[in-house]
Amino acid sequence: MNFKTLLSIVAAVILIFSLASLQFEIIANQWLRLGTSGIFLLFALKIFTSRNFYGLAVFLLLFLCDLLLVFWESLIIIAGYYVLHIFSISILVFLTLREIKVPKVSKIDILSILLFFLINTLILFLLEEYFNQSIDNNWLRLLFYTNGFLILILVLSAFFYSIRFAKMFLHSFL
Amino acid sequence: MGLTVSDLLLFGIYFVDLDKFKYIDNVFYSVGLYFLLRSYMKHKKSVKKKEIKERLFDKKDQSERDTLDVYR
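Those protein sequences? They're chains A and B, same order as listed.
Residue numbers for the first sequence follow the working numbering, so the first one is 1 and each next one is one higher.
Residue numbers for the second sequence follow the working numbering, so the first one is 1001 and each next one is one higher.
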């Protein structure tokens, strides 16, 4: 069987399991998440060579994050989760930005980016209020904000990446 | 994008009481990981193609130089 086909079948099975877990609590959510990242890590190990270490590191870090998610109660575990997650997101941002050359941005682009940041920062602050209710720790709060803002940066870089390559795709047809 | 949506939902689940969407983050997570791996696969393929092209180009260049040397 083709590797690509196998990956698609496994992904479809995982997706069905994830959808089923919405309705029926067959497996605990954290274990399902851990299993998902574990299976994808195995595929990643097959794909990546030592040359693309960063790509493999993302999958490895996400797997470790999910492992910590299973034991989410202690403060050290939560901090560890955030640190590992920050590393994985940073690598993804680095890999994405490396491919993008400086994009041309108009005033409307800047305005919409600012609006995007404003709305999402508000959501982040709102979430932090709930976060603060259960855990009162400055370090964790800092990690929480770093993680949140990095996620926002990742979304933006993914957006610019897709714009660049979508344009390239259109150009190849014109 | 899938990973990001999954993470945002995860925060929502832990810090806001969203019982209805309790396990939906897993769906986005698996989709996100799948497409991340697929994009890496595509990238790897394109790099390989580029390397083969460059190698072929180098070989062609070398053979042209060799022919020129013969004429000289």
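Some clues are possibly wrong.
Here are the simulated lysine-lysine pairs, DSS-like style, with alpha carbons at most 27 Å apart [as the list claims (entries may be wrong)]:
id, chain 1, residue 1, chain 2, residue 2
1, B, K1053, A, K101
2, B, K1053, A, K107
3, B, K1042, A, K107
4, B, K1042, B, K1053
5, A, K4, A, K46
One side only, chain A facing chain B, incomplete, derived with CB under 7 Å [what the hints assert, rightly or not]:
id, residue
6, A11
7, S18
8, R33
9, L34
10, G38
11, F40
12, L42
13, L115
If you're looking for bench data, these hints aren't it; they were derived computationally from the structure.
From a predicted model like this one, the values you see are computed outputs, not experimental measurements.
All C-beta atoms, glycine included, are put in the ideal place defined by N, C-alpha and C.
Hint check:
{"no.": "1", "hint": "B:K1053 x A:K101", "in the structure": "holds, 23 Å"}
{"no.": "2", "hint": "B:K1053 x A:K107", "in the structure": "violated, 40 Å"}
{"no.": "3", "hint": "B:K1042 x A:K107", "in the structure": "violated, 33 Å"}
{"no.": "4", "hint": "B:K1042 x B:K1053", "in the structure": "holds, 16 Å"}
{"no.": "5", "hint": "A:K4 x A:K46", "in the structure": "holds, 12 Å"}
{"no.": "6", "hint": "A11", "in the structure": "holds, 4 Å"}
{"no.": "7", "hint": "S18", "in the structure": "holds, 4 Å"}
{"no.": "8", "hint": "R33", "in the structure": "holds, 6 Å"}
{"no.": "9", "hint": "L34", "in the structure": "violated, 10 Å"}
{"no.": "10", "hint": "G38", "in the structure": "violated, 11 Å"}
{"no.": "11", "hint": "F40", "in the structure": "holds, 4 Å"}
{"no.": "12", "hint": "L42", "in the structure": "violated, 11 Å"}
{"no.": "13", "hint": "L115", "in the structure": "violated, 17 Å"}
Violated hints for the displayed structure, listed by number in ascending order: 2, 3, 9, 10, 12, 13.
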